[in-house]
Amino acid sequence: MKHLLSTADLSKDDALLLLDTAAQMAATQSRAIKKLPTLRGRTVVNLFFEDSTRTRISFEAAAKRLSADVINFSAKGSSVSKGESLKDTALTLHAMGADAVVVRHWASGAPYQLAHAGWLDAGVLNAGDGTHQHPTQALLDAFTIRRHLAGRRGGGDPDGVGADLAGLRVAIVGDVLHSRVARSNVALLRTLGAEVTLVSPPTLVPVGVETWPCRTSYDLDATLADWRPDAVMMLRVQRERMSGGTGGAFFPSPHEYTRYYGLDARRLAMLPDHAIVMHPGPMNRGLEISAEAADSERAVIVEQVANGVAVRMAALYLLLAGDPSAEGNDL
Amino acid sequence: MTTTGPTTYVLRRVRPLGGEPADVVLSGGVVAAVGAPGDVDAPRGAVEVDGAGHVLLPGLVDLHTHLREPGREDAETVASGTRAAAAGGFTAVHAMANTSPVADTAGVVEQVWRLGRDAGFVDVHPVGAVTVGLAGERLAELGAMAHSAARVRVFSDDGRCVDDPILMRRALEYVKAFDGVVAQHAQEPRLTEGAQMNEGVVSAEIGLAGWPAVAEEAIIARDVLLAEHVGSRLHVCHLSTAGSVEIVRWAKSRGIDVTAEVTPHHLVLTDELARTYDPTFKVNPPLRTAADVEAVRAGLADGTIDIVATDHAPHTREDKDCEWGAAAFGMTGLETALSVVQQTMVDTGRMTWADVARVLSVAPARIGRIGHAHGRPVAVGEPANLTLVDPAATRVVDGAAQATASGNTPFAGRELPGRVVATFLRGRATVLDGTVLDGTVLDAGARGAGVLDGPAAPAGVGAR
Numbered sequence: 001m002k003h004l005l006s007t008a009d010l011s012k013d014d015a016l017l018l019l020d021t022a023a024q025m026a027a028t029q030s031r032a033i034k035k036l037p038t039l040r041g042r043t044v045v046n047l048f049f050e051d052s053t054r055t056r057i058s059f060e061a062a063a064k065r066l067s068a069d070v071i072n073f074s075a076k077g078s079s080v081s082k083g084e085s086l087k088d089t090a091l092t093l094h095a096m097g098a099d100a101v102v103v104r105h106w107a108s109g110a111p112y113q114l115a116h117a118g119w120l121d122a123g124v125l126n127a128g129d130g131t132h133q134h135p136t137q138a139l140l141d142a143f144t145i146r147r148h149l150a151g152r153r154g155g156g157d158p159d160g161v162g163a164d165l166a167g168l169r170v171a172i173v174g175d176v177l178h179s180r181v182a183r184s185n186v187a188l189l190r191t192l193g194a195e196v197t198l199v200s201p202p203t204l205v206p207v208g209v210e211t212w213p214c215r216t217s218y219d220l221d222a223t224l225a226d227w228r229p230d231a232v233m234m235l236r237v238q239r240e241r242m243s244g245g246t247g248g249a250f251f252p253s254p255h256e257y258t259r260y261y262g263l264d265a266r267r268l269a270m271l272p273d274h275a276i277v278m279h280p281g282p283m284n285r286g287l288e289i290s291a292e293a294a295d296s297e298r299a300v301i302v303e304q305v306a307n308g309v310a311v312r313m314a315a316l317y318l319l320l321a322g323d324p325s326a327e328g329n330d331l
Numbered sequence: 332m333t334t335t336g337p338t339t340y341v342l343r344r345v346r347p348l349g350g351e352p353a354d355v356v357l358s359g360g361v362v363a364a365v366g367a368p369g370d371v372d373a374p375r376g377a378v379e380v381d382g383a384g385h386v387l388l389p390g391l392v393d394l395h396t397h398l399r400e401p402g403r404e405d406a407e408t409v410a411s412g413t414r415a416a417a418a419g420g421f422t423a424v425h426a427m428a429n430t431s432p433v434a435d436t437a438g439v440v441e442q443v444w445r446l447g448r449d450a451g452f453v454d455v456h457p458v459g460a461v462t463v464g465l466a467g468e469r470l471a472e473l474g475a476m477a478h479s480a481a482r483v484r485v486f487s488d489d490g491r492c493v494d495d496p497i498l499m500r501r502a503l504e505y506v507k508a509f510d511g512v513v514a515q516h517a518q519e520p521r522l523t524e525g526a527q528m529n530e531g532v533v534s535a536e537i538g539l540a541g542w543p544a545v546a547e548e549a550i551i552a553r554d555v556l557l558a559e560h561v562g563s564r565l566h567v568c569h570l571s572t573a574g575s576v577e578i579v580r581w582a583k584s585r586g587i588d589v590t591a592e593v594t595p596h597h598l599v600l601t602d603e604l605a606r607t608y609d610p611t612f613k614v615n616p617p618l619r620t621a622a623d624v625e626a627v628r629a630g631l632a633d634g635t636i637d638i639v640a641t642d643h644a645p646h647t648r649e650d651k652d653c654e655w656g657a658a659a660f661g662m663t664g665l666e667t668a669l670s671v672v673q674q675t676m677v678d679t680g681r682m683t684w685a686d687v688a689r690v691l692s693v694a695p696a697r698i699g700r701i702g703h704a705h706g707r708p709v710a711v712g713e714p715a716n717l718t719l720v721d722p723a724a725t726r727v728v729d730g731a732a733q734a735t736a737s738g739n740t741p742f743a744g745r746e747l748p749g750r751v752v753a754t755f756l757r758g759r760a761t762v763l764d765g766t767v768l769d770g771t772v773l774d775a776g777a778r779g780a781g782v783l784d785g786p787a788a789p790a791g792v793g794a795r
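These protein sequences, in sequence, are chains D and H. No gaps in the numbering here: position 257 of the first sequence is 257 in our numbering, and each next residue is one more. With positions in the second sequence counted from 1, the corresponding number in our numbering is that position plus 331.
Source of the hints: derived by calculation from the structure; they are not laboratory data. Cβ atoms here follow ideal geometry from the backbone N, Cα and C, with glycine treated the same way. Be aware that a few hints might be false.
Below, computed lysine to aspartate or glutamate pairings styled on EDC-like, alpha-carbon distance capped at 20 Å [what the hints assert, rightly or not]: (1) D:Lys64 x D:Asp99; (2) D:Lys76 x H:Glu519; (3) D:Lys87 x H:Glu504; (4) D:Lys12 x D:Asp159; (5) D:Lys12 x D:Asp121; (6) D:Lys76 x H:Asp650; (7) D:Lys87 x H:Asp609; (8) D:Lys87 x H:Glu649; (9) D:Lys35 x D:Asp14; (10) D:Lys12 x D:Glu195; (11) D:Lys35 x D:Glu60; (12) D:Lys87 x D:Asp121.
Sample of chain H residues lacking proximity to chain D, with all beta carbon distances greater than 12 Å (derived) [unchecked claim]: (13) Ala508; (14) His560; (15) Gly586; (16) Val711; (17) Arg726.
Go ahead and model the full structure; you've got the sequences and the hints to work with.
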């Protein structure tokens, strides 16, 4: 694996290798000394064109626990309106000898361009691009789902290691239109055999969604009651979607959104006993998710964060040490 | 002024409009003789051009060219853009108004017109802005531009839509006084805020903000009804969707005086190319679906779409070598237009070379009201504005090798059929043996003719 740009690029074997490697990484994280020597001497650059403290520190922790040298490069702003171009930034990182570049960018496709434009030799790891993809988020979500639910089918590893997600049902609820998390999850969950229903107000479903390998619904109550999801993933609603400003509001009011699409105590009670509640964070408590839901025993939201480090360790490991002949290539 | 360079040519065994082979003599700026091969005597000193198998067309006329000067000479100048036009077989181009300063006064349009005349590659007919500064708020002095030396007949805020319906109505009405036409860039602005590419299956998947077909179609529908109501003629720029074709077809069936253009790129490229995130394929209107491509081809073949216009939109590398979302809209097209039309319409059997002459020369000349000089028959006494093309040739497009100052061709690396062998502007070769003839061969007589015979309204109409 040279780059990790989109979950749509992952075969089932690729995805399982990532998840199983993440499980090995997670096992090392319960040790008193969490640091592994695996990527000693390698340089990982966190290139962030958009603020995301959570994602950046997760990647930073992952790289540091593999003993890589980490350089954080915050390059906010558009390449045209201010400062350096994406190309010059890439050439700079290349000249500095970056082995992997973790990139977060406001523009869909920027990681793809970094990987393919010939500006840079390093492996590119997409840490979220525009409204396109956020593959490590989907991987950590799949990892979390597998840990909780794949073991239920009996046989095999209790944490689901080696297993896919066949037969599991995942409802993804909220702003699908602008969500790279939703796009990444739809592709990956399908590859792993799960069924997905997207639940959104019609204004927040992209035109063209009909070709996606999933169901869509405008009715959260019906989805919970009739479809019986094993996991419910709530998406963050951005404040700017609510205003009637330039783009026009996507729904009439926050209250109305919460009334029809928020996960509250009543809807929480509709879930099957084993079902889990997920959120990629940061949450808008009281909007897409109530405090009861966020703090309930079903919520695995904090665990998602922990699993994020393990999944990102796995991704960096497979990107940088995937060659079995490489030095220090053992866990 | 220099007077070097021959002015008499004998084109041997060429096929006018793809018809039977003939010998054609160009002399004194006009077609001096047309005869069966071998029946025409070469005047003394004439340059012989072996045109066996080559198709002779009236010089191509582009109704939609961005020459970028004044203001963005780093992307293109009138000289470089018209040189590219000649290389592509054009003898006249209409230079869009979205320069800096905007071509919204007599002064700016006359400047562009003079720069074109001085460059000498093609006749440059400036397009005037409909509204001051393209701001969509009040009419520019359309009459002053019409009555300037540039004799503007085509008005457009291209790059922006005249979306205010009352302003559009007034513009449509006002230009009737000088037989002008409003060329509308049909893009409903509210439906396309932040839009990056065609809205559909591909945009949904790759996460680029969608540009719905209805944003184009709604404006075209409104405008044809406005044109009908006030009895004006309307031109629709770069129509790109199947629905737009249907609306124009309907409007024509009602007798509404509307003409429409399609670009070469919308005849062949689709939104699937956005998957590369290569901003070379970012264009306004956006590349659409394969079904839309088929619909515009069908519309061009059946006459619903009147013309092919390039929307040649040069951009600097800086404006394209960046994130898709940050990149400028537009692609070059002057040097590939004829080849794309050949590939998509002629080689597929949907159009003849006579049809090509119609959509790339006769009809655009008529819409731009320069039909007295361009888009003329290949006949004795007609102005010798002609293009000789070798349809059997093929070439691989190389952006760096083109005459345009910008490299943003979407056809780079593609093999295209056809090659412009020669272009003649009032009998003077601007291209010969496939090579653009520069500076020293520009002919004083031809330049002078440009001043005297330049853009004029048909007899008895408008002007002065």
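Quiz prompt | Index of numbered hints that the structure contradicts, given in increasing order | solution = 2, 3, 5 and 9
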